[in-house]
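Asker: So you can see what is in the structure, the chains are spelled out below.
Number of protein chains: 2
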Amino acid sequence: MNRKKKAGTGGRAGELSCRVWIGDIRPSLDGGRFPAKRTVGDTVTVTADLVVDGHDTLTGVVRYRAGSAASWEETPLRPGVNDAWHGSFTVDRTGPWEFTVEAWVDRFGSWRAGLEKKAAADRVTAVDLMDGAALLDAAAARAGSADARLLKRGADALRGEAPPERRVAAALGEELAEAARRHPDRSRSSALEPARRLTVNRELARSGAWYELFPRSASPDPERSGTLRDIERLLPDIAGLGFDVLYFPPIHPIGRTNRKGPNNRLEAGPDSPGSPWAIGAEEGGHTAVHPDLGTIEDFDCLVATAGEAGLEVAMDIALQCSPDHPWVRQHPGWFRHRSDGTIACAENPPKTYEDIYPLDFECADWRALWGEMLGVFRFWIEHGIRIFRVDNPHTKPIRFWQWLIGGLKTEHPDTIFLSEAFTRPKMMQALAKVGFDQSYTYFTWRNTKRELTDYVTELTRPPVSEFLRPNFFTSTPDILPQYLQFGGRPAFQARLVLAATLSASYGIYSGFEFCEAEAVPGTEEYLNSEKYELRRRDPDSPGNLRPLIARINAIRRENPALATNERLLFHPVDADQLICYSKMTADLSNIVLVVVNLDPHHVHHGWVDLPLKAFGIRPGDAFQVHDLIGGGHYLWHGARNYVRLDPAQMPAQLFRLRRMVRTERDFDYFI
Amino acid sequence: MNRKKKAGTGGRAGELSCRVWIGDIRPSLDGGRFPAKRTVGDTVTVTADLVVDGHDTLTGVVRYRAGSAASWEETPLRPGVNDAWHGSFTVDRTGPWEFTVEAWVDRFGSWRAGLEKKAAADRVTAVDLMDGAALLDAAAARAGSADARLLKRGADALRGEAPPERRVAAALGEELAEAARRHPDRSRSSALEPARRLTVNRELARSGAWYELFPRSASPDPERSGTLRDIERLLPDIAGLGFDVLYFPPIHPIGRTNRKGPNNRLEAGPDSPGSPWAIGAEEGGHTAVHPDLGTIEDFDCLVATAGEAGLEVAMDIALQCSPDHPWVRQHPGWFRHRSDGTIACAENPPKTYEDIYPLDFECADWRALWGEMLGVFRFWIEHGIRIFRVDNPHTKPIRFWQWLIGGLKTEHPDTIFLSEAFTRPKMMQALAKVGFDQSYTYFTWRNTKRELTDYVTELTRPPVSEFLRPNFFTSTPDILPQYLQFGGRPAFQARLVLAATLSASYGIYSGFEFCEAEAVPGTEEYLNSEKYELRRRDPDSPGNLRPLIARINAIRRENPALATNERLLFHPVDADQLICYSKMTADLSNIVLVVVNLDPHHVHHGWVDLPLKAFGIRPGDAFQVHDLIGGGHYLWHGARNYVRLDPAQMPAQLFRLRRMVRTERDFDYFI
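Residue numbers (the working numbering), protein chains in the order written: chain A, 91 to 761; chain B, 91 to 761.
You may find that some hints are simply not true.
As the list makes no split between identical chains, a pair holds if one copy fits it or if it spans any two.
Below, in silico cross-link-like pairs of lysine-lysine (DSBU-like), each with a Cα-Cα straight-line distance of 35 Å or less [to be verified]:
hint, residue 1, residue 2
1, 441, 208
2, 207, 516
3, 208, 516
4, 242, 441
5, 441, 207
6, 539, 703
7, 242, 207
8, 499, 516
9, 516, 441
Simulated from the structure, these hints should not be mistaken for laboratory data.
Every value quoted in this text rests on a predicted model; they were computed, and no experiment measured them.
Here chain A stands alone, though its shape is the one from the complex (with noise of 0.2 Å):
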């Protein structure tokens, strides 16, 4: 089908005199520039502001399509306030999708609105009625055959000889109405261009709980490497957890030259294992295996189980190398040279990062450069990986991750990009705007009620909603927050509780659930951190949080409400420390409403402010809330409600909130 026909800047007279007029159409980013993500089985619903000069009746269409090559489907737009006009459809596959509205003058229902009140005015003439017989003429022209037939009929009627109110009574009936509006002319109708852009991600790239493990830290033998197949073994518990992504920093050799120590010392000992981010050695580059992990065919096993158990492998690329990566021998040009001949190696000065070469994305050779980069992902995507969390993109160009990420999706729509990009806000929304499904975000620095309602808030709304998905960690391998350093497991219970219900996909990073908390002072450093040497964790430590993640990802599982970010609402609580909120889904089927007290150390308690409206609560009517955390339930009546925390016990509730089947109201005889 030819689409620019199809879609119809003119049809037959041409552009100019198209008369309906669009504006504002929605979903849109910067003007159309980039698409709105959105997820399979996602209700889009597209506006669009239509005016028509005159009083002529208008209607119109959103056309959408799976994919250039796809053919347009469509569905009817209504009419709403102020001349914004909306229609919805289903996205049923990843991907690019695209959509126009098309909209055009509808002769038909523009006689029969006039011939409507004019008949309540008593002032109907012949020729009114001869001149809707000569449209309904016209779209039995264009009709197929049943149609036609009611169609001429109708004609007919309204030439006939019966009394002129038969004949309007005839006129202004449904079915031909109806007929008629299914055979419009569109030869002059308007359409939007360019079309507006969809991606279509899978349900993971809106929604999850992603668990970070190194590796090499899964040994039950504290004197050796953990390796790809003592992974294997932990999976049970790992999947028991209600986790979705099981995601690893980088699995291949580490580089010798410069190889940091310990906390991040600058020499390393003989069997310092130096940091996973220095990639690259003697046994291979980006796609390769650490020896002492195991082998691509562990590998493969590893991924193949996890799928078996319910998780995702999600691997980290982190496009940069150490001096001993095969690259640098290979293709020296890729890096950058400095007047004495040496490589350039990482810097933000004054420091300098002697054991990290990045690499030179605008050398004389980027196109091939490019192309190896590109074929690294190809390689992890064959052995099975969809989900690449990427090492710090906002330090190579954003028009490379457009072209990558572009090209990539296009052969593997299923694929999902995680932006590790800790920077500026502009920088921050390009890296997503042009193509990463997924970002980290500022949420392991935002404490206090204030900063996490209005940055919550701004994530959750459009224009940003519209193109960034939050994925909040609760700390990573580089960030020890200060809350979690000093607020004991109190600061880690109710961080947990904010990060996988205020974002639809969080995680946390191992040691997290046994509540580490010790830092290289004045620093967010873990100290020890397993950046740098080998970790074994107790899984049975007393206080650790096993038990209540399980919980969390089982209520996640359990309530829809909370694997989108739609539908999140801030509720007053008059006590500072003390947040609450809910999420909602569209049918109001599940309701969660959460309270966290933000003071590790204090009890609070307070009265919040419920919307019951929003709820589909009437005024009057008591609802059930059962704390789906610590299995209290409460009977509530209006919108203030009192809450009570001692972050001592458990520092967060989290409700579902149930509205009461039945009333004596709702019998027949009280209405």
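Based on these hints, arrange chain B on the given structure of chain A.
Answerer: Leaving out everything else, chain B in the frame of chain A:
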């Protein structure tokens, strides 16, 4: 100059390898779909988000030109908050302008910033200095002779034998940095395409005082129609009132078929002059002058004489016909025909207007029809008209206006089009977006403080202020607002001040100055409207507002703050019926403060709360306010000040606010 190349989507290396990312350029309407409006002499500030990967320094320019044939000029971009960069240029001629943003990595600047940090940490190496020398060599190769020598010398100094500290100091020299900045490597610069557009109008498009007059009412003899010659005699008086634009309803021959009588009666008496909007008769159509008014020569003469008096004549163009219009015979195909072969008259069901035939802008022969409409405008342009008030543009296709105004502005960038559309907001906005320079508004129906504040705020802030310039008429031949019908003389005074100070463009329709307030009961129609009969007014009738109008227009001319809507601020007053606002010039040299009592029947008083900081007044300083209407001088102190307005005297105060020139604190010894 090759625009594509100079605007630089890529330069030599192709778009993909351009590292600077440009987002959210402003001003930009609907992603660049429409031009923003500016006035000759305006400083246009362009902002855009710029980010680049890594730690490099970036730099950029705004590129702009007056029309696509002009050569591009450049002005530097400077960094602002949150990666929003900004640069300004002045538009010095009417017509279409365009601008974009170009940005690139500043290699020497990046190196220099790094060197500064390394020097502070005492970590500069010899290679660091050599790297800088290489960058200076490259800059020298790009530079002309003078700068080349300087840059070469800089490179040599870096490579030289001097102690490192000396070489670092040389490298950080400002003269060297400036020379390097003058010769950047822009081969991989990024530019946003397509360029954004501006429409630049002359001053009168933004600011002017309009006076609307029915030429046939200009007769000193109540027994005969006024003529264009009669108007010539009135010109000194109208100019003396301080108006800029003299605007006439249609002056063409008026149809006889179905001519309307007084008060819109269906039967016209033999002497009924008919409605000027029922255009066209045996004597001619849209390019003819009604014989009762005079000849085209009289018209030419009037336009010239008005010009000498400082008045520009604006014409009403109503693209519709009486049944007697020559086009009806010459081009029956330009009208819609009904089933019985008759031409359809205007309708707003159930009402029909038998004296008006609308033109069918989508008829088969639409190109010829549109061409003829263009010819009508061209005809009057030939006769010296540059300002067109377009009647009911919303009953003609939006794209027709886009085409027509676009075409005329190419030929005559000094034309001004005022949209007389009182209709749905989105339609009014669409008309403004496609080309109308000014728009009628809902001002007549905004009467309370809340209504005025909300509406005027919407009009004077982006996005609306970027494309819709309001023209506040206090009344029109079709609208005698209820507020005026029942508010008496104080209501007229208050609305005059509001219109003339809230909007840079405003107008009155003759009769307003005499507080004509008699309506057809229950409507907004004037009783005995001069739309259907001759009218004579006594310029000296008691209580007329001519002195106030002259004063207000003089104040408008003396206070440039009133010539723009850009810096309008509303201020709190603790009295519901008092509204207070200010306008100021960008340099704060002119600040006008207005207080209006919106209740025409009662005295109100209260305290206004002024944002002294915005006015450039130090917290403790006194300031003078001078009531430009009443003449009173007051010395105010602090943000809160008392006002009291008695509508029986004058319902408005219009203050010029002056900072004290000097206090004892300005003496040296006080500091």
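Asker: Now look at each hint and say whether the structure bears it out.
Answerer: Hints, verified against the model:
no.: 1; hint: 441 - 208; result: between (82 Å within a copy, 8 Å between copies)
no.: 2; hint: 207 - 516; result: between (54 Å within a copy, 25 Å between copies)
no.: 3; hint: 208 - 516; result: between (57 Å within a copy, 27 Å between copies)
no.: 4; hint: 242 - 441; result: between (83 Å within a copy, 29 Å between copies)
no.: 5; hint: 441 - 207; result: between (79 Å within a copy, 9 Å between copies)
no.: 6; hint: 539 - 703; result: both (24 Å within a copy, 31 Å between copies)
no.: 7; hint: 242 - 207; result: within (24 Å within a copy, 84 Å between copies)
no.: 8; hint: 499 - 516; result: within (24 Å within a copy, 38 Å between copies)
no.: 9; hint: 516 - 441; result: within (24 Å within a copy, 56 Å between copies)
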